[in-house]
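Read off the chains here:
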Amino acid sequence: QKEVEQNSGPLSVPEGAIASLNCTYSDRGSQSFFWYRQYSGKSPELIMSIYSNGDKEDGRFTAQLNKASQYVSLLIRDSQPSDSATYLCAVGGNNRLAFGKGNQVVVIP
Amino acid sequence: DTGVSQNPRHKITKRGQNVTFRCDPISEHNRLYWYRQTLGQGPEFLTYFQNEAQLEKSRLLSDRFSAERPKGSFSTLEIQRTEQGDSAMYLCASSPPGGRPDTQYFGPGTRLTVL
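Keeping their order, the protein sequence lines are chains A and B. Take 1 as the starting number for the first sequence in the numbering used here and just add one per residue. Take 1 as the starting number for the second sequence in the numbering used here and just add one per residue.
Everything labelled a hint here was simulated from the structure, so no lab data went into it. Heads up, a few of these hints could be off.
Unchecked claim - Label-pair restraints from in silico Cβ distances:
#  : chain 1 : residue 1 : chain 2 : residue 2 : range
1  : A       : D58       : B       : G85       : 30 to 40 Å
2  : B       : R15       : A       : K42       : 23 to 33 Å
3  : B       : I26       : A       : Y51       : 19 to 29 Å
4  : A       : V106      : B       : N51       : 41 to 51 Å
5  : A       : L11       : B       : L39       : 11 to 21 Å
6  : B       : D63       : A       : L75       : 40 to 50 Å
7  : B       : T38       : A       : D55       : 26 to 36 Å
8  : B       : Q17       : A       : L75       : 39 to 49 Å
9  : B       : R9        : A       : Q80       : 20 to 30 Å
10 : A       : G16       : B       : N51       : 44 to 54 Å
Ideal placement from N, C-alpha and C gives every residue a C-beta, glycine not left out.
Chain A extracted, bound-state conformation (with noise of 0.2 Å):
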């Protein structure tokens, strides 16, 4: 059974900043990995997926991947107050996902 945590707190950032969100996974074997945001009382929507280690970027976000230490974070650039939500860190395998709790995230104009 997977393991995913992200264990940071709520994050307030002034808009424009950058917004930092990590997560480390239990199962060595894993090859997938998700950030999905989530705004309050919606389902989840899939913003980034990465695969390799690494930096993969889609504009202002940026997912980070390193296998050897089990670690995955996603950085929000130039934040903007509709970046305020929960994003949660997913680990893919067995056909199934494992999700963290989230991190809430509050830009601030």
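Since the structure of chain A is already known, use the hints to place chain B on it.
What follows is chain B alone, placed relative to chain A:
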């Protein structure tokens, strides 16, 4: 809108009643998943279908829960004799054939409240 759809969006029921939720996946997505999410937690996997075959079930899916996907299109999730602990958001997701099965797209969810 060609995304995953779920009905109803909200359901309030009394303890002991049966409820059924429906999920329509993205067209041509042959893989379909059900998850449950409670407040402050990430979604938890319940079950997985490939076409009409239910290939995996979580231990969270007690015998009061049953899921079907007749003809490999829409899916239903039924909860019998609901309990207050069943109150949660029930999420359906789908993924396309040929791609990575864990690249999943979620529907809007059905929020269940058991009184």
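The hints, checked one at a time:
1. Hint check: D58/A to G85/B, Cβ distance near 38 Å, so the stated range 30 to 40 Å holds.
2. Under the hint 23 to 33 Å, the C-beta atoms of R15/B and K42/A, about 27 Å apart, fit the expected range.
3. The given range of 19 to 29 Å is respected by I26/B and Y51/A, whose C-beta atoms sit roughly 21 Å from each other.
4. Judged by the Cβ atoms, the range 41 to 51 Å given for V106/A and N51/B holds: they are separated by roughly 42 Å.
5. Range check, L11/A to L39/B: Cβ separation about 19 Å, and the 11 to 21 Å hint holds.
6. Checked against the hint of 40 to 50 Å, the C-beta distance between D63/B and L75/A comes to roughly 44 Å, which is consistent with it.
7. Checked against the hint of 26 to 36 Å, the C-beta distance between T38/B and D55/A comes to roughly 33 Å, which is consistent with it.
8. Between Q17/B and L75/A, the C-beta spacing of about 46 Å keeps the proposed range 39 to 49 Å intact.
9. A hinted range of 20 to 30 Å for the beta carbons of R9/B and Q80/A is consistent with their spacing of about 28 Å.
10. G16/A and N51/B have their C-beta atoms about 47 Å apart, which keeps the hinted 44 to 54 Å range intact.
In this structure, none of the earlier numbered hints is contradicted; all agree with it.
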